[in-house]
Amino acid sequence: MPAHDPQMLKGVLSLLLLQLCATQEDYGYSLVVRLQQLGFADLAEGTVYPALSRLESQGFLDARLVRSASGPARKYYTPTAAGIAERSRALEAWDSLVVAVASVLTTQEVST
Amino acid sequence: MSTSVASTAPTDALTAGAPAAEAVARGVTTAGVEVGGPVADLVFAAFVLTVIAVVVLWLARPWELRGGRLVDKIRIGEAASSYDFWLSLRGVGGRRRRELRAELRANLWEAAQHVGAKEAIAGVGQLRRLAHDSVPEHRGPRWGYGVAAGFVAVEVFLMAQVFLATVVADAAQAAGARRLDVALTLVPGMSVQYEEVSGGGFSVGTEFGPASLVVAALAFVAFAQPWRLLTRRGAGAVTSV
Numbered sequence: 001m002p003a004h005d006p007q008m009l010k011g012v013l014s015l016l017l018l019q020l021c022a023t024q025e026d027y028g029y030s031l032v033v034r035l036q037q038l039g040f041a042d043l044a045e046g047t048v049y050p051a052l053s054r055l056e057s058q059g060f061l062d063a064r065l066v067r068s069a070s071g072p073a074r075k076y077y078t079p080t081a082a083g084i085a086e087r088s089r090a091l092e093a094w095d096s097l098v099v100a101v102a103s104v105l106t107t108q109e110v111s112t
Numbered sequence: 001m002s003t004s005v006a007s008t009a010p011t012d013a014l015t016a017g018a019p020a021a022e023a024v025a026r027g028v029t030t031a032g033v034e035v036g037g038p039v040a041d042l043v044f045a046a047f048v049l050t051v052i053a054v055v056v057l058w059l060a061r062p063w064e065l066r067g068g069r070l071v072d073k074i075r076i077g078e079a080a081s082s083y084d085f086w087l088s089l090r091g092v093g094g095r096r097r098r099e100l101r102a103e104l105r106a107n108l109w110e111a112a113q114h115v116g117a118k119e120a121i122a123g124v125g126q127l128r129r130l131a132h133d134s135v136p137e138h139r140g141p142r143w144g145y146g147v148a149a150g151f152v153a154v155e156v157f158l159m160a161q162v163f164l165a166t167v168v169a170d171a172a173q174a175a176g177a178r179r180l181d182v183a184l185t186l187v188p189g190m191s192v193q194y195e196e197v198s199g200g201g202f203s204v205g206t207e208f209g210p211a212s213l214v215v216a217a218l219a220f221v222a223f224a225q226p227w228r229l230l231t232r233r234g235a236g237a238v239t240s241v
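Protein chains in written order, with our numbering: chain P, 1 to 112; chain S, 1 to 241.
Hints were generated in silico from the structure; no laboratory data involved. Keep in mind that the hints are not guaranteed to be accurate.
[As the list claims (entries may be wrong)] Heads up, simulated SDA-like pairs for lysine to any residue below, C-alpha to C-alpha not over 20 Å straight-line:
no.: 1; chain 1: P; residue 1: Lys10; chain 2: S; residue 2: Gly125
no.: 2; chain 1: S; residue 1: Lys73; chain 2: S; residue 2: Leu59
no.: 3; chain 1: S; residue 1: Lys73; chain 2: P; residue 2: Ser70
no.: 4; chain 1: S; residue 1: Lys73; chain 2: S; residue 2: Gly93
no.: 5; chain 1: P; residue 1: Lys10; chain 2: S; residue 2: Gly123
no.: 6; chain 1: S; residue 1: Lys118; chain 2: S; residue 2: Arg69
no.: 7; chain 1: S; residue 1: Lys73; chain 2: P; residue 2: Ala69
no.: 8; chain 1: S; residue 1: Lys73; chain 2: S; residue 2: Gly125
no.: 9; chain 1: S; residue 1: Lys118; chain 2: P; residue 2: Val33
no.: 10; chain 1: S; residue 1: Lys73; chain 2: P; residue 2: Ala41
no.: 11; chain 1: S; residue 1: Lys118; chain 2: P; residue 2: Ser70
no.: 12; chain 1: P; residue 1: Lys10; chain 2: S; residue 2: Arg128
no.: 13; chain 1: S; residue 1: Lys73; chain 2: S; residue 2: Pro62
no.: 14; chain 1: S; residue 1: Lys118; chain 2: P; residue 2: Arg67
no.: 15; chain 1: S; residue 1: Lys73; chain 2: P; residue 2: Ser68
no.: 16; chain 1: P; residue 1: Lys10; chain 2: P; residue 2: Ala44
no.: 17; chain 1: S; residue 1: Lys73; chain 2: P; residue 2: Ala73
no.: 18; chain 1: S; residue 1: Lys118; chain 2: P; residue 2: Lys10
no.: 19; chain 1: P; residue 1: Lys10; chain 2: S; residue 2: Ala79
no.: 20; chain 1: P; residue 1: Lys10; chain 2: S; residue 2: Ala60
no.: 21; chain 1: S; residue 1: Lys118; chain 2: S; residue 2: Pro136
no.: 22; chain 1: S; residue 1: Lys118; chain 2: S; residue 2: Ala79
no.: 23; chain 1: S; residue 1: Lys118; chain 2: P; residue 2: Ser30
no.: 24; chain 1: P; residue 1: Lys10; chain 2: S; residue 2: Asp133
no.: 25; chain 1: P; residue 1: Lys10; chain 2: S; residue 2: Lys73
no.: 26; chain 1: P; residue 1: Lys10; chain 2: S; residue 2: Arg69
no.: 27; chain 1: S; residue 1: Lys73; chain 2: P; residue 2: Ala3
no.: 28; chain 1: P; residue 1: Lys10; chain 2: S; residue 2: Pro136
no.: 29; chain 1: S; residue 1: Lys73; chain 2: S; residue 2: Glu99
no.: 30; chain 1: S; residue 1: Lys73; chain 2: P; residue 2: Asp42
no.: 31; chain 1: S; residue 1: Lys73; chain 2: S; residue 2: Lys118
Quick caveat, the model's predicted, so the values are computed rather than measured.
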């Protein structure tokens with residue numbers, strides 16, 4: 001599988017994190033592992049952790065500390081109401097982008 | 001503090017410090033051995049401190065005592081401290097900094113269980129970049145930068161002062177002067193005094209004056225940029241309208 005363009009990934013990372021947290025409350029490293037297993041094998045922790053912090057600062061994610069038997073307390077994230085709304089907005093924007101890009105690519109194929 | 005090893009001698013036996021010959025004369029076959037002095041004191045203090053540290057660690061961070069390599073724990077702790085430093089330079093408040101540091105430590109700990117601490121720390125990339133990306137741009141004064149710059153300025157100033165003192169001492173000895181007082185015109189209050197003392201030695205003293213504090217204050221203001229406080233308030237006022 002080819003490596004993902006970091007700039008493109010940055011554009012959709014918030015959407016991916018909101019989606020994963022909406023599916024299941026989760027913490028930083030586990031989210032990284034889930035994303036890697038879902039196809040983003042080259043995704044670095046250094047990209048995900050700041051994105052989580054920013055989403056929390058923006059009020060899109062809520063966090064709570066959960067004690068762990070094997071290590072320090074983990075910070076679990078869940079989307080807030082604003083986060084769920086943001087996920088819907090970002091999803092619509094993504095769908096719209098995919099349609100537009102597909103349209104351009106299809107036209108290009110015909111002309112060549 | 002001293003630790004003693006008990007003697008099994010009769011009641012009239014050897015007293016501490018009694019000469020060995022006297023003991024032989026009395027027919028005493030056992031002797032007391034006393035272990036003490038500063039080395040024993042240090043060992044005892046180190047033992048007590050270690051016990052306290054282990055108890056505190058067990059209460060505050062029990063996972064630190066369960067398995068894992070010590071070097072990995074040190075690596076993770078160092079990475080968390082470094083991250084905290086870069087956050088502080090970005091002007092992040094103490095509480096938020098503690099939260100972010102604890103979160104990074106937990107994530108690194110978790111990752112280290114799977115890929116090792118070295119790999120886990122490499123995964124987050126440069127900690128300076130991570131701190132930069134984790135918090136929004138700070139538009140207020142940069143107090144952390146100011147304090148760091150102030151300390152560096154004082155350090156440089158003191159180094160210059162020490163260098164000047166050695167130059168004055170060399171010059172006085174070369175000229176054969178018994179006493180020399182040097183005051184710097186460009187730096188008010190800064191002076192160096194050289195004096196020969198009886199017995200062939202010499203002493204050098206320095207007066208710092210207010211110059212070092214002024215330099216430190218200037219460096220602090222230049223780097224902290226407290227005027228950002230005014231621009232931030234101004235921006236807030238515009239936004240609220």
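Now the hints, each set against the structure:
1. Lys10/P <-> Gly125/S: 16 Å, holds
2. Lys73/S <-> Leu59/S: 17 Å, holds
3. Lys73/S <-> Ser70/P: 14 Å, holds
4. Lys73/S <-> Gly93/S: 26 Å, violated
5. Lys10/P <-> Gly123/S: 17 Å, holds
6. Lys118/S <-> Arg69/S: Roughly 12 Å separates the two Cα atoms, so the pair holds.
7. Lys73/S <-> Ala69/P: Between Lys73/S and Ala69/P the Cα gap is close to 17 Å, so the pair holds against 20 Å.
8. Lys73/S <-> Gly125/S: 18 Å, holds
9. Lys118/S <-> Val33/P: 17 Å, holds
10. Lys73/S <-> Ala41/P: Violated: Lys73/S and Ala41/P sit about 27 Å apart, past 20 Å.
11. Lys118/S <-> Ser70/P: 19 Å, holds
12. Lys10/P <-> Arg128/S: 19 Å, holds
13. Lys73/S <-> Pro62/S: Roughly 13 Å separates the two Cα atoms, so the pair holds.
14. Lys118/S <-> Arg67/P: 24 Å, violated
15. Lys73/S <-> Ser68/P: Distance of about 17 Å is within 20 Å: holds.
16. Lys10/P <-> Ala44/P: Cα-Cα ~12 Å, so holds.
17. Lys73/S <-> Ala73/P: 16 Å, holds
18. Lys118/S <-> Lys10/P: 25 Å, violated
19. Lys10/P <-> Ala79/S: 25 Å, violated
20. Lys10/P <-> Ala60/S: Distance of about 37 Å is beyond 20 Å: violated.
21. Lys118/S <-> Pro136/S: 28 Å, violated
22. Lys118/S <-> Ala79/S: 10 Å, holds
23. Lys118/S <-> Ser30/P: Holds, at roughly 18 Å.
24. Lys10/P <-> Asp133/S: 12 Å, holds
25. Lys10/P <-> Lys73/S: 31 Å, violated
26. Lys10/P <-> Arg69/S: 35 Å, violated
27. Lys73/S <-> Ala3/P: 32 Å, violated
28. Lys10/P <-> Pro136/S: Between Lys10/P and Pro136/S the Cα gap is close to 16 Å, so the pair holds against 20 Å.
29. Lys73/S <-> Glu99/S: 19 Å, holds
30. Lys73/S <-> Asp42/P: 26 Å, violated
31. Lys73/S <-> Lys118/S: Status holds; Cα separation ~10 Å.
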